[in-house]
Amino acid sequence: MSNDDETAKADGGTASQSETVEDERFEEHPLEWDEPENNDKAPDERDSVSHRTEKYDDRKLVTGQAKYTADYEERYPDLAYAAVVRSEIPHGRVTDIDTSAAEAIDGVEAVLTPESDAVPDAKYTSAGQSYPEPSPWDMHVLNEHVRYIGDPIAAVAAEDRATATAAVEAIEVSYEEADYVTDPEAAFDEDAPQLFEDGEVENEIVGHDYDRNRMAHIGGELGDVDGALDGNTHVHETEWETIRQSHANVEKHTSLAYTDEDDRHVLITSTQVPNHTRRQLAHLFDIPIRDIRVTKPRVGGGFGGKQAMVVEPIPLALSLATDRPVLYEASREEEFYAMRSRHPMKVKAKTAVTDDGDIEAIDIYALSNTGAYGSHGMTVAGNVGSKPMPLYSKVPNARFEADIVHTNTPQTGAMRGYGAPQGTLALEGHLDEVARDLGLDPIEFRRRHHMEVGDLDEIAGMMGGEGANRRIRSCGLDECIEHGKDAIGYDDLEQPDEDHLHRGIGMALSAQGTGVAGDELGAAQIMMNEDGSFHLQVGGVDIGTGADTAFLQIAAEVLGCDEDDIIVKSSDTDVTPFDYGAYASSTTYISGMAVKKAAEDAKARILDWGAKLLDEPVEKLETGDGTVYSESSGDSVTLEDIGYEAAYGDDEREHILGKGTHCTEESPPPFAAQFADVTVDETTGEFEVHKLVVAVDCGVAINPGMAEGQIEGANHMSYEMAVSDGITLDDEGRAEVADFDEYGLPSATETPPIESILVETHEPTGPFGAKSVAEVPTNTVPPALSNAVRDAVGVRIREMPITAEKIRAKLDEREI
Amino acid sequence: MPKTGGNAVDIELTINGERTIVEAGSGDDLATVLRQHGYIDVKCGCDGGTCGASKVFVDGDVRMACEMEATDADGSEIQTVAALGTQADLHPVQQAFVDNFAVQCGFCIPGMVIQAVALLDSNPDPTEREVREALDDNVCRCTGYQKPVEAVLDAAQRMQGEQSVAADGGHPVSAPTHGDESTSCCGGDCDE
Numbered sequence: 163m164s165n166d167d168e169t170a171k172a173d174g175g176t177a178s179q180s181e182t183v184e185d186e187r188f189e190e191h192p193l194e195w196d197e198p199e200n201n202d203k204a205p206d207e208r209d210s211v212s213h214r215t216e217k218y219d220d221r222k223l224v225t226g227q228a229k230y231t232a233d234y235e236e237r238y239p240d241l242a243y244a245a246v247v248r249s250e251i252p253h254g255r256v257t258d259i260d261t262s263a264a265e266a267i268d269g270v271e272a273v274l275t276p277e278s279d280a281v282p283d284a285k286y287t288s289a290g291q292s293y294p295e296p297s298p299w300d301m302h303v304l305n306e307h308v309r310y311i312g313d314p315i316a317a318v319a320a321e322d323r324a325t326a327t328a329a330v331e332a333i334e335v336s337y338e339e340a341d342y343v344t345d346p347e348a349a350f351d352e353d354a355p356q357l358f359e360d361g362e363v364e365n366e367i368v369g370h371d372y373d374r375n376r377m378a379h380i381g382g383e384l385g386d387v388d389g390a391l392d393g394n395t396h397v398h399e400t401e402w403e404t405i406r407q408s409h410a411n412v413e414k415h416t417s418l419a420y421t422d423e424d425d426r427h428v429l430i431t432s433t434q435v436p437n438h439t440r441r442q443l444a445h446l447f448d449i450p451i452r453d454i455r456v457t458k459p460r461v462g463g464g465f466g467g468k469q470a471m472v473v474e475p476i477p478l479a480l481s482l483a484t485d486r487p488v489l490y491e492a493s494r495e496e497e498f499y500a501m502r503s504r505h506p507m508k509v510k511a512k513t514a515v516t517d518d519g520d521i522e523a524i525d526i527y528a529l530s531n532t533g534a535y536g537s538h539g540m541t542v543a544g545n546v547g548s549k550p551m552p553l554y555s556k557v558p559n560a561r562f563e564a565d566i567v568h569t570n571t572p573q574t575g576a577m578r579g580y581g582a583p584q585g586t587l588a589l590e591g592h593l594d595e596v597a598r599d600l601g602l603d604p605i606e607f608r609r610r611h612h613m614e615v616g617d618l619d620e621i622a623g624m625m626g627g628e629g630a631n632r633r634i635r636s637c638g639l640d641e642c643i644e645h646g647k648d649a650i651g652y653d654d655l656e657q658p659d660e661d662h663l664h665r666g667i668g669m670a671l672s673a674q675g676t677g678v679a680g681d682e683l684g685a686a687q688i689m690m691n692e693d694g695s696f697h698l699q700v701g702g703v704d705i706g707t708g709a710d711t712a713f714l715q716i717a718a719e720v721l722g723c724d725e726d727d728i729i730v731k732s733s734d735t736d737v738t739p740f741d742y743g744a745y746a747s748s749t750t751y752i753s754g755m756a757v758k759k760a761a762e763d764a765k766a767r768i769l770d771w772g773a774k775l776l777d778e779p780v781e782k783l784e785t786g787d788g789t790v791y792s793e794s795s796g797d798s799v800t801l802e803d804i805g806y807e808a809a810y811g812d813d814e815r816e817h818i819l820g821k822g823t824h825c826t827e828e829s830p831p832p833f834a835a836q837f838a839d840v841t842v843d844e845t846t847g848e849f850e851v852h853k854l855v856v857a858v859d860c861g862v863a864i865n866p867g868m869a870e871g872q873i874e875g876a877n878h879m880s881y882e883m884a885v886s887d888g889i890t891l892d893d894e895g896r897a898e899v900a901d902f903d904e905y906g907l908p909s910a911t912e913t914p915p916i917e918s919i920l921v922e923t924h925e926p927t928g929p930f931g932a933k934s935v936a937e938v939p940t941n942t943v944p945p946a947l948s949n950a951v952r953d954a955v956g957v958r959i960r961e962m963p964i965t966a967e968k969i970r971a972k973l974d975e976r977e978i
Numbered sequence: 355m356p357k358t359g360g361n362a363v364d365i366e367l368t369i370n371g372e373r374t375i376v377e378a379g380s381g382d383d384l385a386t387v388l389r390q391h392g393y394i395d396v397k398c399g400c401d402g403g404t405c406g407a408s409k410v411f412v413d414g415d416v417r418m419a420c421e422m423e424a425t426d427a428d429g430s431e432i433q434t435v436a437a438l439g440t441q442a443d444l445h446p447v448q449q450a451f452v453d454n455f456a457v458q459c460g461f462c463i464p465g466m467v468i469q470a471v472a473l474l475d476s477n478p479d480p481t482e483r484e485v486r487e488a489l490d491d492n493v494c495r496c497t498g499y500q501k502p503v504e505a506v507l508d509a510a511q512r513m514q515g516e517q518s519v520a521a522d523g524g525h526p527v528s529a530p531t532h533g534d535e536s537t538s539c540c541g542g543d544c545d546e
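Here the protein sequences come in this chain order: A and B.
Note that our numbering numbers the first sequence so that position 740 is 902, with each residue one more than the last.
Note that our numbering numbers the second sequence so that position 153 is 507, with each residue one more than the last.
In case anyone wonders, no lab produced these hints; they're calculated from the structure.
Glycine included, each C-beta is placed from N, C-alpha and C at the ideal position.
Any given hint could be a false lead.
To be verified - Derived, one-sided and incomplete: chain A residues facing chain B with beta-carbon distance under 8 Å:
| # | residue |
| --- | --- |
| 1 | Lys217 |
| 2 | Asn411 |
| 3 | Glu413 |
| 4 | Arg460 |
| 5 | Gly706 |
| 6 | Asp903 |
| 7 | Ile916 |
Between the sequences and the hints, there should be enough to build the whole structure, so can you do that?
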């Protein structure tokens, strides 16, 4: 509610005791934010952050000169190549591994099995998250008990790739097969085959019940949902289903490990989480953190698939066994069946609505299929509720529950959107249906209830405790809706001339977070060279998003220098300050704020030297155009003069350094309004998506060109969730997809035009007003397209993907 | 480095203007051989022929290098993306990709740039639909194709000496059809 609403409610005759309680709740999360003056600049005063600055690494990317992990192979002449033996059965015990034929092959350097000395037997989770880890330790690097077709059993290192592959094929594995279960609802049965024994898993998660294959149960409630459901006329319930989506990062999971001349272990690896990976490897291999170095070169896309230590232990174990550098590059087939995917889910949504059209309660339940292991299982499921439900923070009663269930299917994990796409489909599809059933305009229905500036979001805290409540200080939802409506042509939609063609527009809203509230850390350091240029060292992880560019624009904005005068080095645990990594839409907000603080720290020293050289007080000086200048006298001195004076001065010398670290309890939501324009042929069910429009409030967009790229790419991924099959499995849980031709990633001709619209607001807690952008547009196409089909021909598709066959079947049902 | 398959033979290639003898094992694909000889701008995103990242020119034709046996390229002239321009002096297509923010992780970009150059070579003034068709077997996970398509259209105008359209962001657009791949996409809306 807005401030005015808050006052109105307090004045509206509620008991004084509850007024006090409400006031206290609000006071703990004040609307006013103690924002530094320099953080809130008018657009025309921003010298760098709002510019469409060329992406820092683009020239080497378009000329093919950038180096990804596999490109380092030429540096290591004695490099060995890894390959992995994976389970061919969905569930059972390995009774024998015959490695003799493989070991006899010329060029095979090592064959590792679960029994080998170099292979850790500690349990761990692959999820790359903060510590203590919120995922169960239920995995082994190599497995004697296999739980899905793809579980790693043995690993080889050989002189070349072909020999490594031949060695894998020569290894004979004998199994004692066990019963298996691939359907999450069947897995919940008391008689279902069991993947884990009770007590077998370390670091167990709340609500686990391994007798019923449940790795976690979570939930939370505000108000009295059952009371509201009983007391209102209009109670609706709908159920939705989502696909097993692949990250389909074009660079496969790739990792190179070696031991250097100081006996320290180095990983050059394609990861989103260098610091978490270092900590996890230290735990797994019992090596001190200081003796492990994890460095990330260019990364060819992650999308959450590399927010995990998926492959790194394999080359490290093999390099320890062979005393050689070892490269492991997953195959494309392994990417689809043995890396990670989005959790497929069934989500139920229920609401109670008054005769006046006020939503009194929202109740959401998710059944998440986490596959054979539990990485990111509980936290992804939590986001099914905690990301979309706050959109309607005015609704007085809310409940969310989820069961996260094991099956003998490939592993799931983090993926862009992180549960929010599944929840957004259910909530935004459901509300659309409710509005239409009540004869209300779906957009106006949402407008009556959606979040506004000043609201206290208690749904964010519903499961995380009151401390996780947040005050909303920026919200451009109304503007997103308006701009989106204009761009899609909502008010003047023309129907086709042909009677069998029907055109419709669907709309969906979305909210995400900006980092994990209270569980992030970023750090940065800036060093000034004597010529007035800078080195920026930052832990933040650019996986292709343009984060390095955003960092240097933030630094340049503070330092008043040209962007070309800053060299960025990110993500090398030996060199760059600590960072949690690239996930949860945190990078610009958390690591970016650390960069801003580091730049301000350096700037204070620069101004001090400027004051000395100009003989004027610091208070009168400012940086800009590569100088320190005096606003009163007009005199100036270049950063180069300051750099030389500081490094080589006669009586006093200093290396100008700035450092900054940033953590926060805040996680302001960015917002999106999605529109889809579709024509459906009612005789065949075939449909044509004319256009997708998505308007996004990401606060102040740091580099609008890059922000648009994030939005359009996310929307393409979201479109895939709406129209593609994802990774389909056979009855044994075997992936039926082995390459890009078989995986239904919409191609250039299959993707509709996507129009991205930036709606600028100012988020006072973010660097120069920024919130996140990367995830929120991943959530919205499935509900918007389902709503558009409903608008066009009156049928509702709730099970993704939306296909001509399903529409046709619904149309046929309707005709009967 | 003994990294090739068996029965290695010498083949002669002219790579980016430089004549060279390279060793290729039987069954080795051209992408692997090029990468082994330092041409790391040839990227491999799948295990053969389904992502388009390894596209190069072989005697002027676009080929996925991972799909071609190296020995079949004996005597050929090969151009990789590195031959098109340098970081200081980009090819207009490369420059258009940079200016239109068409690059994110960049892994697919060498193949996409090669394909775009080939398109503009044969069709200097393509429609948006023709650009999408040309890029249809280039997998990009980051961009949603919107900005790469805009970049190629922008490059076409630049190469014809017209003004860049990067600044005013965009072109009229067309749309795909689902469920019937045989019909054309746009129901008459696009500019073909």
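Against the structure, the hints:
At about 6 Å, the closest approach between the beta carbon of lysine 217 of chain A and any beta carbon in chain B falls short of 8 Å, and the interface hint on this residue holds. Hint status for asparagine 411 of chain A relative to chain B: holds, with the closest Cβ pair at about 6 Å, below 8 Å. Using the Cβ-Cβ criterion of 8 Å, the hint placing glutamate 413 of chain A at the interface with chain B is satisfied: the shortest such distance is roughly 5 Å. Interface hint at arginine 460 of chain A: satisfied, since its Cβ lies 7 Å from the closest Cβ of chain B, which is below the 8 Å cut-off.
Because the closest C-beta pair between glycine 706 of chain A and chain B is about 3 Å apart, less than 8 Å, the hint holds. Annotation: aspartate 903 of chain A was flagged as interfacial toward chain B, and the flag holds, the nearest CB pair being 5 Å apart, inside 8 Å. Interface restraint check for isoleucine 916 of chain A: the shortest CB-CB distance to chain B comes to about 5 Å, inside 8 Å, so the restraint holds.
Of the hints listed earlier, there is not a single one the structure fails to meet.
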